[in-house]
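Chemist: Here is how the chains run, residue by residue.
2 protein chains.
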Amino acid sequence: MGEIGPAEPWVVREIGLPDELRQAESVFALANGHVGLRGNLDEPEPFGMPGTYLNSLYEHRDLTYPEAGYAFPERTETIIDAPNGKLVTLTVDDEPFDVRTGDLRRHERCLDLRAGTLHREVEWGPVRITSTRLVSFPHPSVAAIRYEVEALDRPVRIRLDSDLLANEEQPEPRDDPRASAVLHAPLRSLSHSDDVLVHRTRRSGITVASSVAHVSEPGEVSAEEDRIRFTLTTVVHPGTPLRLDKFVAYAWGTGDSDDDLAGTAVRDRDEAVRAGFETLLDEQRDYLDDFWDSADVELDGDPEVQQAVRFGLFHVLQAGAQAGPHPIAAKGLTGNGYDGHMLWDTESYVLPVLTYTHPACVGLALRWRHAALPAARERAAELRLAGATYPWRTISGAECSGYWPAGTAALHVNADIADAVLRYAAAAGDDTFVREAGLEILVETARLWCRLAHEDDAGVFHLDGVTGPDEYTALVDDNIYTNLMAQRNLRGAAQYCELFPERARDLGVSADEPRAWQETADNLALPYDNRREVHEQHAGFARLQEWDFASTKDDDYPLMLHYPYLDLYRRQVVKQADLVLAMVLRGDAFTPAEKTRAFEYYEARTVRDSSLSAPAQAVLAAETGYLELAHDYLAEAALLDLRAGGEASGDGLHIAACAGVWMALVQGFGGLRDHDGQLSFAPRLPSHLPRLKFSLRWRYSRLHVTVTPTTVTYAVTDEDLSFHHYGEPVDLKAGTTVTLDLPPVEEKAAPPAPAGRAPARRRDALDR
Amino acid sequence: MGEIGPAEPWVVREIGLPDELRQAESVFALANGHVGLRGNLDEPEPFGMPGTYLNSLYEHRDLTYPEAGYAFPERTETIIDAPNGKLVTLTVDDEPFDVRTGDLRRHERCLDLRAGTLHREVEWGPVRITSTRLVSFPHPSVAAIRYEVEALDRPVRIRLDSDLLANEEQPEPRDDPRASAVLHAPLRSLSHSDDVLVHRTRRSGITVASSVAHVSEPGEVSAEEDRIRFTLTTVVHPGTPLRLDKFVAYAWGTGDSDDDLAGTAVRDRDEAVRAGFETLLDEQRDYLDDFWDSADVELDGDPEVQQAVRFGLFHVLQAGAQAGPHPIAAKGLTGNGYDGHMLWDTESYVLPVLTYTHPACVGLALRWRHAALPAARERAAELRLAGATYPWRTISGAECSGYWPAGTAALHVNADIADAVLRYAAAAGDDTFVREAGLEILVETARLWCRLAHEDDAGVFHLDGVTGPDEYTALVDDNIYTNLMAQRNLRGAAQYCELFPERARDLGVSADEPRAWQETADNLALPYDNRREVHEQHAGFARLQEWDFASTKDDDYPLMLHYPYLDLYRRQVVKQADLVLAMVLRGDAFTPAEKTRAFEYYEARTVRDSSLSAPAQAVLAAETGYLELAHDYLAEAALLDLRAGGEASGDGLHIAACAGVWMALVQGFGGLRDHDGQLSFAPRLPSHLPRLKFSLRWRYSRLHVTVTPTTVTYAVTDEDLSFHHYGEPVDLKAGTTVTLDLPPVEEKAAPPAPAGRAPARRRDALDR
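Those protein sequences? They're chains A and B, same order as listed. Quick note, the first sequence lines up with residues 0 to 767 if you use numbering that gives the first Met the number 0. Quick note, the second sequence lines up with residues 0 to 767 if you use numbering that gives the first Met the number 0.
To be clear, the hints were calculated from the coordinates, so they are not data collected in a lab. No experiment lies behind these values; they were computed from the predicted model shown. Hints may contain errors.
Because identical chains share one entry, a pair is satisfied inside a single copy or across any pair of copies.
[What the hints assert, rightly or not] List of simulated lysine to any residue pairs, SDA-like, C-alpha gap at most 20 Å:
#, residue 1, residue 2
1, Lys552, Ala385
2, Lys594, Arg701
3, Lys552, Leu382
4, Lys692, Glu94
5, Lys692, Leu739
Please model the complete structure; the sequences and the hints are all you need to start from.
Modeler: Spelled out as structure tokens, the structure:
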């Protein structure tokens with residue numbers, strides 16, 4: 000019966016009970032980057048998967064290989080559940096409240112994207128139950144719940160058991176290697192009292208203090224090692240609802256820290272109690288008002304996408320806002336998918352959005368990468384490389400990838416991090432960050448590329464044996480994405496060493512090093528097939544055997560679950576945008592004609608078995624004039640977590656795809672580019688979408704851009720701003736506005752896609 | 000104190016106690032291909048690793064991957080110990096005999112290569128102990144031991160406990176991924192009696208019946224689930240030795256077989272008892288006399304190599320003689336290394352030797368591959384390929400490789416099997432085999448290549464994304480070894496379909512198929528670097544970065560234990576002969592000048608981190624006129640297991656390297672080639688080696704070839720024989736001899752090898 004209701008601009012509403020509990024729990028997850036609560040029901044049952052996450056609370060797990068090799072990681076890190084403070088068990092006239100039993104007349108949940116709350120209304124038997132849950136943005140360690148029970152027409156006996164519960168039972172992991180390896184009872188109790196539990200993980204040595212307080216009618220508190228329970232028994236009369244305000248706060252850190260974690264958790268909780276639930280609500284809304292003011296995207300003509308882009312931005316904010324000094328994981332704090340690891344999508348998808356909408360947290364995210372430099376240097380030494388080699392997947396900074404051809408070999412992650420540093424440095428103008436953290440990342444990653452690059456007889460430099468974003472090829476020579484991003488990395492490092500010469504000297508950068516970086520960058524191979532007149536994803540790609548799409552059945556996708564790598568790696572079949580993503584991030588390296596030819600060539604070979612693909616394809620489709628197709632890809636990315644159904648997001652949302660909706664709109668239809676730190680726009684909107692408006696920050700300016708199919712209006716506030724519009728410089732004083740005509744775009748039919756793999760025609764859906 | 004004594008022509012003698020028990024147990028292992036006993040001492044302690052192996056007695060073990068992929072094998076097979084019948088515990092005047100205690104005055108063991116026995120003589124305290132052990136070639140299920148105790152100067156009280164013991168304690172596995180995963184107590188007792196134990200493996204469902212009988216003075220027999228013990232207590236007087244003859248026989252099979260395995264084991268044992276130990280000895284010698292008559296190799300001028308080539312041939316025979324209907328494992332039955340798996344070395348190294356020396360077992364070995372066709376077809380279907388895809392490593396025929404880039408991707412194993420079929424078919428003229436088994440293997444492997452091959456714009460066919468013999472590159476395009484062997488496979492399949500058209504029709508070979516095979520074969524890419532004028536190991540190899548050998552330290556070898564694949568795969572560093580092996584097996588595809596250039600080029604880049612390398616390098620060194628270098632490589636291969644010391648062979652002998660000694664001599668100095676089923680010779684012997692003599696079989700002929708530095712004499716017996724000598728046809732009547740002059744060879748200094756990796760100069764060792 001349950002489903003996401005019709006699109007509303009600022010609310011995601013679920014009407015009835017969810018069909019897929021795990022999926023709904025991800026969609027309705029609340030988080031602030033520091034603490035995350037999956038959208039479980041208040042009562043313990045039913046549930047898909049519990050989920051109370053503290054950023055970087057993880058346990059170690061051994062990795063074993065049938066045939067191990069040198070430098071294969073011997074252990075991994077797995078996100079684990081913190082004590083769950085969401086639980087409120089209701090008993091009505093001795094009958095436990097369970098949505099699966101009794102007389103359920105109404106069940107509705109709303110994720111309010113401006114309030115930053117999850118609100119629930121239930122009518123069940125003789126009572127109405129409402130709950131409102133938040134994970135506070137301004138108070139990063141705090142979550143709070145208001146739980147109310149109202150007697151509808153007669154007095155009812157009510158019992159509430161409100162728990163803070165450690166070591167909850169977990170469901171068995173699903174049979175998917177990408178899902179998390181769940182650890183049972185990962186927490187060992189150190190101490191417990193009426194208002195705080197202290198636990199420690201068994202192997203990773205992380206201590207967690209969890210405190211809880213209840214504001215309500217008087218009740219009883221009991222405490223044991225893994226549980227604090229507040230119990231309240233009363234009779235509720237019609238017109239006089241029973242209210243329980245529950246405040247939870249966490250503090251955690253490595254075992255050898257001297258911090259009084261229990262004291263911190265209690266103090267943070269007490270502060271929240273003192274402020275009260277209403278104040279927490281108000282502060283939450285203020286925080287979000289400020290965010291939306293410079294982050295909101297409006298799209299007329301497609302209400303579902305309108306809703307989805309805000310939903311996506313909200314979850315991107317939830318993943319990143321208070322993440323520092325910890326990483327931003329691929330699933331944010333919405334599930335335990337990918338073991339809670341962060342991957343390259345953080346720097347390549349999530350941080351670009353936050354750089355333009357909420358830059359403060361980007362600096363912290365990159366400072367986390369800076370703090371992880373010692374581990375990356377150690378890994379580089381272990382791999383017999385130079386500089387730093389960042390992990391493919393990690394929580395703490397240690398490499399946790401168990402399949403090296405699509406992990407360790409994907410060295411582009413290092414250039415992706417450098418790219419995020421360069422973007423943030425340019426957009427935020429944060430010189431302190433560059434001096435304290437950014438430059439060192441640039442230098443150490445440049446050293447990696449310089450060590451890897453190999454000059455051939457003709458003076459061309461090669462990066463051999465690496466894996467690009469497309470995981471359907473691996474260990475290739477001269478992956479063009481990697482080479483172009485490494486080029487940017489090398490040049491950026493040289494440029495910033497020039498800008499910060501003293502700091503460069505401190506980092507031991509010799510006079511020769513930047514010259515070598517420049518030379519390497521200038522001579523890196525960029526594979527090109529002369530006969531087909533198209534760039535190659537890697538050297539020799541266009542010579543490989545074509546995939547037989549005509550014989551590939553629908554249920555053969557995703558291909559990686561039905562074909563061996565042996566088959567995938569040696570064919571022209573692309574899992575996800577690779578060269579196409581390079582044409583977004585390094586669009587300056589291609590002519591428009593080259594982009595069109597390459598886009599068309601790779602469209603025919605890209606199957607989108609990764610959610611990272613559609614956003615990049617949307618951007619390039621827009622740039623090459625395939626505006627309808629761009630809308631199709633935009634919609635695919637936008638509806639993935641919210642409306643695609645099924646179990647796809649059961650282990651957590653695709654935060655990068657959430658960010659990708661913004662990318663598709665702002666970089667695609669808005670034409671935002673930032674090559675070499677230069678802000679530029681080339682908007683283009685299909686005629687069936689009347690208006691796109693987006694805002695962004697650039698240093699101390701805010702820019703508001705309104706695009707129609709024929710015009711664009713730029714409005715600048717706070718400070719003057721210069722940028723390019725279709726290659727022409729535009730200088731706008733703060734408080735001024737300019738409206739410019741857009742060049743006409745001839746709408747074109749989409750180029751051929753692999754049989755059966757074209758995205759759904761969005762206009763067909765809208766016309767229905 | 001202990002060591003292998005000075006080289007004797009027909010005996011390997013150990014004087015004193017071995018320093019490395021595990022190593023000695025491998026060297027002194029006895030086997031017949033069906034049953035194998037490691038060379039453990041008679042008494043239970045001390046031991047390096049027990050070892051009583053029955054070919055294909057294995058247990059299943061789960062394979063788990065940190066990140067699994069489609070068609071990654073989910074379980075492997077591990078060789079396990081059968082009940083150990085070697086054990087004889089001696090107590091002398093209440094003191095247990097242990098070589099580590101008491102007065103040990105003499106300890107000597109002899110592996111007699113003509114008698115096929117391991118003989119031991121010990122003087123310890125008041126007694127002399129002698130034992131003689133054999134694993135019967137003519138009675139494949141039978142092992143026998145004669146154990147004698149002699150009082151030296153006064154009567155002594157003797158107790159003998161002779162055991163047949165199941166589920167022995169095993170040492171912990173060494174920390175080397177190549178070693179076996181030892182399974183504790185793998186056998187479950189089904190029944191036991193005074194003379195036969197019946198067990199079954201827990202998961203693989205193999206039933207083993209082990210029977211024992213003792214012929215001696217009267218004693219007592221006790222039996223329990225895992226042990227039959229014969230105990231004898233007596234007083235031994237000087238001049239009247241106590242003798243115990245112990246006979247053990249095994250029968251085993253899958254659990255659902257209806258065979259009376261216990262009955263079979265008892266019957267075989269009883270036959271052996273009836274024959275008696277002396278008769279077993281006589282039959283053993285007769286069998287070996289016959290073998291040596293057409294297999295022996297004599298080399299004057301290097302006694303250690305002379306001994307080693309016989310030692311190697313003996314162990315090759317021990318691995319293969321009675322292996323059918325089971326596989327010949329990489330370690331034979333001398334240890335549990337590689338989990339007891341067979342790999343491609345069987346077809347590419349071991350079977351060629353047996354084809355010319357003991358062809359009967361080659362037909363059986365290849366019939367085993369034929370029996371494994373259903374599994375190979377199933378694997379091909381799983382891998383979305385066509386025809387058959389044989390496993391990289393296996394016992395039963397199922398793929399057991401846990402690292403696919405150096406396992407599943409090494410598809411050349413299929414062509415190696417086809418090559419062995421073609422060689423055996425030509426050399427043995429066994430048409431029945433071709434009809435019943437060989438042709439189907441050829442056809443199914445040809446279908447694999449035809450499916451894999453991809454035609455480019457220029458009409459060149461490619462085999463992309465495969466791994467050749469050199470495991471320091473992987474997933475490459477157009478590995479030249481693979482392409483050339485696939486070419487032979489395709490052409491051979493077409494040719495034999497023409498020779499056996501009815502059988503081909505039965506196999507569903509259409510008229511078009513052989514044409515497609517021919518076309519594919521004729522157009523397969525053979526990478527060549529025009530600038531360097533040298534063939535490439537794979538497309539682009541010569542463009543890769545060079546390895547920095549100057550900075551690589553001695554203890555950085557083997558490189559795979561000290562560098563990541565990431566580093567190895569993208570450089571010009573070669574673990575083992577690959578292109579060089581192709582120039583041996585497909586020498587017809589290269590001109591002499593191409594061979595010399597390629598040999599020199601790859602010599603400079605080959606580190607020989609595999610024992611498979613030196614034999615192939617020896618052969619090509621001889622062919623290209625580097626005769627001293629050929630001798631160096633010959634000696635390295637020859638002395639590896641016998642005199643290299645250390646733990647290298649502790650898990651079992653390198654049977655392929657044992658075969659490689661013959662290769663180095665007969666294909667190297669003898670210049671034997673068999674391209675396209677045509678026997679040819681081009682002998683060349685360095686001036687410091689006076690004489691090489693070898694014998695071989697070709698169909699019903701035996702050929703005896705005697706090479707000196709200046710002449711060669713061919714003597715044919717049994718039947719007329721035609722072959723080529725330096726490209727010229729020679730037709731010899733049975734019983735005739737011809738002596739021909741050899742072209743002079745200008746001795747050349749060895750081409751450069753990687754720093755520190757040149758083989759030891761054998762002449763220097765001989766001159767000392």
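Chemist: If a hint holds in the structure, say so; if it does not, say that too.
Modeler: Quick rundown of the hints versus the structure:
Only between protomers do Lys552 and Ala385 lie at most 20 Å apart by alpha-carbon distance; the minimum there is 18 Å, versus 45 Å within a single protomer. In the homo-oligomer, the alpha carbons of Lys594 and Arg701 never lie at most 20 Å apart, since the shortest distance is 30 Å inside one protomer and 70 Å across protomers. Taking the shortest Cα distances, Lys552 and Leu382 sit within 20 Å of each other only across copies (16 Å), while inside one copy they are farther apart (40 Å). In this assembly of identical chains, Lys692 and Glu94 lie within 20 Å of each other by CA distance neither inside one copy nor across copies; the values are 51 Å within and 96 Å between.
Taking the shortest alpha-carbon separations for Lys692 and Leu739, only the intra-copy value of 15 Å comes in at or below 20 Å, while the best inter-copy value is 93 Å.
The structure does not agree with the numbered hints 2, 4 stated previously, though it agrees with the rest.
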